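If you want the building blocks of each chain, they are given just below.
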Amino acid sequence: MYYGMLAEITGHANELWNSDENLTVGKFRSQILEKYPALREKKFKVAVNQKIAEDFAPIDPSAEIALLPPFAGG
Amino acid sequence: MEKIHKPKKVFVQGPISPEFVSKSIASHQSKTAIGAHAIFLGQIRADQKESGVVTAIEYSAYEEMAEHAFHEIREKAFARFELTCMHIYHSLGTVPVGEISLFVFVSSPHRRAAFEASEFVVEEIKANVPVFGKELIGENGAYVWKENS
Chain A
631 MYYGMLAEIT GHANELWNSD ENLTVGKFRS QILEKYPALR EKKFKVAVNQ
681 KIAEDFAPID PSAEIALLPP FAGG
Chain B
8 MEKIHKPKKV FVQGPISPEF VSKSIASHQS KTAIGAHAIF LGQIRADQKE
58 SGVVTAIEYS AYEEMAEHAF HEIREKAFAR FELTCMHIYH SLGTVPVGEI
108 SLFVFVSSPH RRAAFEASEF VVEEIKANVP VFGKELIGEN GAYVWKENS
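Listed in order, the protein sequences are those of chains A and B.
Count the first sequence with the numbering used here and you get residues 631 to 704, in order.
Count the second sequence with the numbering used here and you get residues 8 to 156, in order.
No lab work stands behind these hints, which were simulated from the structure alone.
Fair warning: there could be bad hints in the mix.
[Claimed, not checked] Incomplete in silico selection of chain A near chain B, CB under 7 Å: (1) Gly634; (2) Met635; (3) Asn652; (4) Phe674; (5) Ala696; (6) Pro700; (7) Gly703; (8) Gly704.
[Unchecked claim] Think about it this way: if two alpha-carbon atoms lie no more than 30 Å apart in a straight line, the pair counts; the simulated DSBU-like pairs of lysine-lysine are: (9) B/Lys30 with A/Lys672; (10) B/Lys141 with A/Lys681; (11) A/Lys673 with B/Lys38; (12) B/Lys38 with A/Lys675; (13) A/Lys681 with B/Lys38; (14) A/Lys672 with B/Lys38.
[Unchecked claim] With beta-carbon atoms standing in for the labels, derived distance ranges: (15) B/Gly148 with A/Thr654: 23 to 33 Å; (16) B/Ile32 with A/Ala687: 23 to 33 Å; (17) A/Tyr666 with B/Ile32: 40 to 50 Å; (18) B/Gly42 with A/Tyr666: 18 to 28 Å.
Predicted model, so just to flag it, every value in this text is computed and none were measured.
Even for Gly, the Cβ is constructed at its ideal location relative to N, Cα and C.
Can you build the whole structure from these sequences, using the hints too?
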């Protein structure tokens, strides 16, 4: 799922991500940057099942992945 | 006994009205263990940007994750400070300049806990809740994405 400015760059809010079984957040980051090079200039965090995840974290095939631009609450 | 704090609905559509704030204050008059309320209100500022002046912010959120994050902040605040109760409301959708988009209301027997908890809660919201904001500029549909510093 893409939020805020990132949804504008990818052109949609949701996408199904097909990947092999050993996906990690780090691998996912490089795959997504390859598909959407414009994201390289943007800051974003990756949330897996609604938790911010570090690059080494594994991603389950059924997981919900979200790309989150900088927060602006308040 | 440990109190259990149920997740509460935080998001409201559009601005938070002064009437809503005053009703929230009035509804605490029966809670006579409270000696101090601290209220933080976030108001939309007419910032000057390169392309013009901000007229409103359009908020969106990763709502499910945000509700969890708000709940965690509440739990941390209750664990850290002597609080009687606490309410957080945040706007979604468009909030024009001069109107309120965040209402944090903490109540305690004593002032120190109320002051400190309100600051803690506001800072946690700014840093850890996935809320996104588009600063709308002028009449022609221009905007910039807001980023908390």
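Results for each hint:
no.: 1; hint: Gly634; verdict: 4 Å, holds
no.: 2; hint: Met635; verdict: 5 Å, holds
no.: 3; hint: Asn652; verdict: 25 Å, violated
no.: 4; hint: Phe674; verdict: 11 Å, violated
no.: 5; hint: Ala696; verdict: 6 Å, holds
no.: 6; hint: Pro700; verdict: 4 Å, holds
no.: 7; hint: Gly703; verdict: 3 Å, holds
no.: 8; hint: Gly704; verdict: 5 Å, holds
no.: 9; hint: B/Lys30 with A/Lys672; verdict: 42 Å, violated
no.: 10; hint: B/Lys141 with A/Lys681; verdict: 23 Å, holds
no.: 11; hint: A/Lys673 with B/Lys38; verdict: 45 Å, violated
no.: 12; hint: B/Lys38 with A/Lys675; verdict: 41 Å, violated
no.: 13; hint: A/Lys681 with B/Lys38; verdict: 36 Å, violated
no.: 14; hint: A/Lys672 with B/Lys38; verdict: 48 Å, violated
no.: 15; hint: B/Gly148 with A/Thr654: 23 to 33 Å; verdict: 40 Å, violated
no.: 16; hint: B/Ile32 with A/Ala687: 23 to 33 Å; verdict: 44 Å, violated
no.: 17; hint: A/Tyr666 with B/Ile32: 40 to 50 Å; verdict: 47 Å, holds
no.: 18; hint: B/Gly42 with A/Tyr666: 18 to 28 Å; verdict: 54 Å, violated
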